[in-house]
Amino acid sequence: MTETSTTSPIGRDTPRVDGPRKVTGLAQYTSDFLFPGMLYGVPVEATIANGKLLALDTVAAEKMPGVRAVFHRANIGRIFRSTPAPGFDRVCEERRPPFEDDVIQYYGQYIALAVADTFEAAKAAADAVRATYAKEKSNVEARLEAGHDPDVVFTTYGPVPREQSKRGDPEGAFASAPVKLDETYVTPAETHNPLELHATTAIWDGTMLTLYDSTQGVVNARSVLAQMFGLPKENVRVISKFLGSGFGGKLYPWTHVPLAAAAARQLGKPVKLVVSRKMMFQSVGHRARTQQRMRLGATREGKLVSLMHDYVYHMSMLGDYHEDCGEATPFHYSVPNLRASFGRARRNIGATADMRGPGAVPGLYATESAMNELADNLKMDPVQLRLLNEPRLDESNGLLFSSRHYVECLNVGAEKFGWAKRNPAIGSMKRDGLTLGWGMAGAAWIAGRFEAAANVQLRDDGTVRVACATQDIGTGTYTILAQLASEKTGVPLDNIEVELGDSALPDGPISGGSLATSSVIPAVFKAADQAIASLLIIAVTTPGSPFLGHKPDDLALEGGRIFVKAEGPGKGVPFGDLLRRANARLVTGSGSAEMTAFAPNPKFSKHSFGCHFVEVTWQAEIARLRVSRVVTVMDAGRILNPLTGRNQIQGAVVMGIGMALFEETIYDPQNGAPINSNLADYMVTVNADAPPIDVTFLDYPDKEINELGARGIGEIGLAGIAAAITDAVHHATGVRVRELPVRIENLLV
Amino acid sequence: MHIFEFIRPTDPAAAIAAAAQSKTAQQGADVRFMGGGTTLIDLMKLNVETPDRVLDINRLSLDKIEDTADGGLKIGATVRNSDLANHPKVQKDYLVLSQAILNGASAQIRNMATVGGNLLQRTRCVYFRDTAMSCNKREPGSGCPAITGHNRTLAILGTSEHCIATNPSDMCVAMAALEATIHVQGSKGSRVVSFGDFHLLPGNTPHRETVLEPGDLITHVTLPPPVVGSKQLYLKLRDRASYEFALASAAVMLTIASGRITHARVALGGVGTKPWRSPEAETALAGKPANDATFRQAAEAALRNAKAQSENKFKIELARRCLTYALKMASMS
Ligand SMILES: Cc1cc2nc3c(=O)[nH]c(=O)nc-3n(C[C@H](O)[C@H](O)[C@H](O)COP(=O)(O)OP(=O)(O)OC[C@H]3O[C@@H](n4cnc5c(N)ncnc54)[C@H](O)[C@@H]3O)c2cc1C
Ligand code: SF4
Numbered sequence: 000m001t002e003t004s005t006t007s008p009i010g011r012d013t014p015r016v017d018g019p020r021k022v023t024g025l026a027q028y029t030s031d032f033l034f035p036g037m038l039y040g041v042p043v044e045a046t047i048a049n050g051k052l053l054a055l056d057t058v059a060a061e062k063m064p065g066v067r068a069v070f071h072r073a074n075i076g077r078i079f080r081s082t083p084a085p086g087f088d089r090v091c092e093e094r095r096p097p098f099e100d101d102v103i104q105y106y107g108q109y110i111a112l113a114v115a116d117t118f119e120a121a122k123a124a125a126d127a128v129r130a131t132y133a134k135e136k137s138n139v140e141a142r143l144e145a146g147h148d149p150d151v152v153f154t155t156y157g158p159v160p161r162e163q164s165k166r167g168d169p170e171g172a173f174a175s176a177p178v179k180l181d182e183t184y185v186t187p188a189e190t191h192n193p194l195e196l197h198a199t200t201a202i203w204d205g206t207m208l209t210l211y212d213s214t215q216g217v218v219n220a221r222s223v224l225a226q227m228f229g230l231p232k233e234n235v236r237v238i239s240k241f242l243g244s245g246f247g248g249k250l251y252p253w254t255h256v257p258l259a260a261a262a263a264r265q266l267g268k269p270v271k272l273v274v275s276r277k278m279m280f281q282s283v284g285h286r287a288r289t290q291q292r293m294r295l296g297a298t299r300e301g302k303l304v305s306l307m308h309d310y311v312y313h314m315s316m317l318g319d320y321h322e323d324c325g326e327a328t329p330f331h332y333s334v335p336n337l338r339a340s341f342g343r344a345r346r347n348i349g350a351t352a353d354m355r356g357p358g359a360v361p362g363l364y365a366t367e368s369a370m371n372e373l374a375d376n377l378k379m380d381p382v383q384l385r386l387l388n389e390p391r392l393d394e395s396n397g398l399l400f401s402s403r404h405y406v407e408c409l410n411v412g413a414e415k416f417g418w419a420k421r422n423p424a425i426g427s428m429k430r431d432g433l434t435l436g437w438g439m440a441g442a443a444w445i446a447g448r449f450e451a452a453a454n455v456q457l458r459d460d461g462t463v464r465v466a467c468a469t470q471d472i473g474t475g476t477y478t479i480l481a482q483l484a485s486e487k488t489g490v491p492l493d494n495i496e497v498e499l500g501d502s503a504l505p506d507g508p509i510s511g512g513s514l515a516t517s518s519v520i521p522a523v524f525k526a527a528d529q530a531i532a533s534l535l536i537i538a539v540t541t542p543g544s545p546f547l548g549h550k551p552d553d554l555a556l557e558g559g560r561i562f563v564k565a566e567g568p569g570k571g572v573p574f575g576d577l578l579r580r581a582n583a584r585l586v587t588g589s590g591s592a593e594m595t596a597f598a599p600n601p602k603f604s605k606h607s608f609g610c611h612f613v614e615v616t617w618q619a620e621i622a623r624l625r626v627s628r629v630v631t632v633m634d635a636g637r638i639l640n641p642l643t644g645r646n647q648i649q650g651a652v653v654m655g656i657g658m659a660l661f662e663e664t665i666y667d668p669q670n671g672a673p674i675n676s677n678l679a680d681y682m683v684t685v686n687a688d689a690p691p692i693d694v695t696f697l698d699y700p701d702k703e704i705n706e707l708g709a710r711g712i713g714e715i716g717l718a719g720i721a722a723a724i725t726d727a728v729h730h731a732t733g734v735r736v737r738e739l740p741v742r743i744e745n746l747l748v
Numbered sequence: 000m001h002i003f004e005f006i007r008p009t010d011p012a013a014a015i016a017a018a019a020q021s022k023t024a025q026q027g028a029d030v031r032f033m034g035g036g037t038t039l040i041d042l043m044k045l046n047v048e049t050p051d052r053v054l055d056i057n058r059l060s061l062d063k064i065e066d067t068a069d070g071g072l073k074i075g076a077t078v079r080n081s082d083l084a085n086h087p088k089v090q091k092d093y094l095v096l097s098q099a100i101l102n103g104a105s106a107q108i109r110n111m112a113t114v115g116g117n118l119l120q121r122t123r124c125v126y127f128r129d130t131a132m133s134c135n136k137r138e139p140g141s142g143c144p145a146i147t148g149h150n151r152t153l154a155i156l157g158t159s160e161h162c163i164a165t166n167p168s169d170m171c172v173a174m175a176a177l178e179a180t181i182h183v184q185g186s187k188g189s190r191v192v193s194f195g196d197f198h199l200l201p202g203n204t205p206h207r208e209t210v211l212e213p214g215d216l217i218t219h220v221t222l223p224p225p226v227v228g229s230k231q232l233y234l235k236l237r238d239r240a241s242y243e244f245a246l247a248s249a250a251v252m253l254t255i256a257s258g259r260i261t262h263a264r265v266a267l268g269g270v271g272t273k274p275w276r277s278p279e280a281e282t283a284l285a286g287k288p289a290n291d292a293t294f295r296q297a298a299e300a301a302l303r304n305a306k307a308q309s310e311n312k313f314k315i316e317l318a319r320r321c322l323t324y325a326l327k328m329a330s331m332s
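Chains as they are written, first to last, in numbering that gives the first Met the number 0: chain A, 0 to 748; chain B, 0 to 332.
With the rest of the complex left out, here is chain A (with noise of 0.2 Å):
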């Protein structure tokens, strides 16, 4: 018999039911899984970042020992583009198959893949290979300039219009203002770098291909590689079990993926195919360099008048990735005049994509920067700046949102933070002989959900199966699931298996947009509503049960016991007693839900908010700058697990102070390399770099997102933070960077 927990599990710090898998080693993660047969491909890459491929000498390669194969455009067969769709169905964003042109258009290019017993062969296969070229002159230049696009762009999720938000007189406005701010702020290429490299293993049999890879999005993978491959989509299966990490990198297939599977059907044996760290930085996405034109008008009280937000990103010669810098600006603050607006400049590099907080990292750390430079010119405090311009509703729009406590957000982070202490003057404030630094910023990120399906299981030993094609990529979305099928059936977690990580799966979300825990929620509790509706059946239809004559509307399930409401739980029966006494192994239920997110005519405006507090101190005697002390207050939805939540959130703050103060990915001048391409040129976070970060959560449900009133919190952690310390950073060194990441060459003046 099942023991049975009355309590609800939705809200409880509760421990990731697959920890014990990850510090066992248990978890076997993409590329762990080996199968008989196995040969390792290794990719060449161009060496060039602009130019033709006019020769590959692959003669030398393919006489190394242990080499099977060394493929290039005359070899591979035939794979076929991935072509965009309606939704979030076929994303990718390099939609040039592998080796379909001899066209390099950004250093690092695949241009040939040796394919060998082992990894070491393979490797010294593909180093063997020696291509010619026709070099033309690379354009990686940092300085960016609006290309020439059409007034409507076409991007990886359709069409976008370059004035994207337009309100009232923006510029006649400015011009009039009594206070203004006209600055540029310059975000950095950044390179995702999850730890887990990119993987895949692709086995076929017959025209059945299984894909073993490290993605955030089975079901997406799925569609885009049964194209590529001319197959029916039930004739591709995506299996993703864990992930290490992909903060946005992983969302949609990169063109290791199709040419894995394609060597696999050319030698008819698996093939697996892991990218170099090097690779990380040249063909597997960045999050773009973007620059940022701020003006700001204001009244001599603090009342915003205008504000036009007018920015520049890179991107690649082939891709349609926009990176929407005015994501949160229409609607974060109340001003009657305001343009967003974008342009884009193509250079030689690799394909840009989702990082983490994707648009809105780098457009608020312009526009929160923009305010708190703005505050400084009125000689006000930012937290009163941003008071003084809380808007009623989503003036973009005229939607009320749909649960909005910025408010709240500022006031309780100044408290916990004790701002009231702040002396606003320049390097005024000490401790132990360290200059100290105080910023703030905001923070915003979209609410809402995707598209979903999921199946609940209850079984006859008292134990619940819960299943959905969406993945687990570190941040606790197994534990989610189990939490919700014990919410829905009261059965503990320890007896509850969740099943993610595979196309053949119920179709379920990407793990992006932060968006994959209020889409399942819907999902799963109509798949448990389901199997508990079989179960009542069962037990008002079974000889023998003592529910024989009843209704099934006369019964209810909790704790585990099915009961006649009218009695209570306390005559109930284990609901895997009844399951046995009827000889089922099994009850299954199904359910799914729509995407709110992005939908045409919305009722109401749905995001998260909050804000970031930060102290840094400065030893201008040697330049040290350290951040030293975090305060986070979050506004998004009810929280399912604050354990891990609080995870996400102190993580993205770790994140953001390297997108302060060391991420930059840099592009070599000359031949448009990523010349920093490792662990140690491209700077991230170390623990030592890590201060304390308190994070709060107000935890108020958005019932107009799920019935749990959840909304996702993968992402909002990162948003802001970069513009509250480079806040602290002036505080406390007078020194206003606005190109990141803030170096100390910046502040040695």
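To be clear, the hints were calculated from the coordinates, so they are not data collected in a lab.
Chain A side only, calculated, beta carbon under 8 Å to chain B, not exhaustive:
1) T46
2) D126
3) E620
4) I621
5) F661
6) D667
7) I674
8) V685
9) D688
10) E744
All of these numbers come straight from a predicted model, not from anything done at the bench. Heads up, the beta-carbon is just placed ideally off N, CA and C, and yes, glycines get one too.
Following the hints, complete the assembly by docking chain B with the ligands onto the known chain A.
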């Protein structure tokens, strides 16, 4: 990675004889000794080093730390960096060396890395480490893309028009200040090299980094007897708090009597094409009052001949501040 033969000799003479067959002991060597392998294996994976034979020297009994007859210290070439840094006598008498080592790399790497290997670690110049790029150090005469490219972390002292690569070692900076001696055994017998003579300036032969010839095995390093009353400090400045090579570092030793500096040794790291002993700074300190003005003058003197590239001008001021502050903190210790 190039296919190579891996040999584990137990006798120094055999190791030396095998290594003597290499055409060079510098870039392009076809026989290499291996200590911890943390530099060598990395570079072999990148095809920057392509030896046909690798001789593991960890069985040659070169792993001891012993007192010398004159009161100094003898450190075997395969002593691990962590063992050296945590040795009681090093912590007591050669504190600057312990601090320098513990500021480098990570605990895991220090547990593998050997003293001999650290003396010979290679530059982190990104062009040197990528065989798709040209580089005078790796392929003499092919050019130096760093001078017109990415050079933020590269050297400001001792550069030439052919190479501006930094020597990245922390340990070596302390050893330069401590006036260590390197003991080499080669096919023609053994010899000693003073620390300052061991590494070479790039000049027009950046591929030649040390005085070593084929077959030369570093057997040990000796440190002179400790300077009585010397105040020592290693200060390392970098972008992030840990796990990064120095943008600028300083190893300082000061002896102060009645407020005056009676003995000073200074070396800089992260800024020179070799571990950078600064006689200019030492002269500026000798006999002067131990105060901020003296320390700043010493730092000015140390950087007087610095030459900046497009991205690393800030390192001149950073190194000045580093040395000034290190001297100040040492004098107060
Ligand atoms: C990620 C990373 C971060 C690092 N960070 C730092 C840092 O912050 N500061 C720092 O100072 N260093 C740093 N290092 C470098 C590290 O200190 C060196 O790699 C290490 O000291 C080399 O020692 P080893 O024994 O592993 O050398 P090996 O790789 O074994 O050898 C290096 C070279 O020395 C030769 N050699 C070795 N022993 C002898 C001998 N007895 N006689 C003659 N030749 C010999 C070898 O043939 C080879 O050419 C870092 C390294 C890594 C990988
Ligand atoms: S600085 Fe030296 S190591 Fe770097 S590219 Fe130039 S020659 Fe090569």
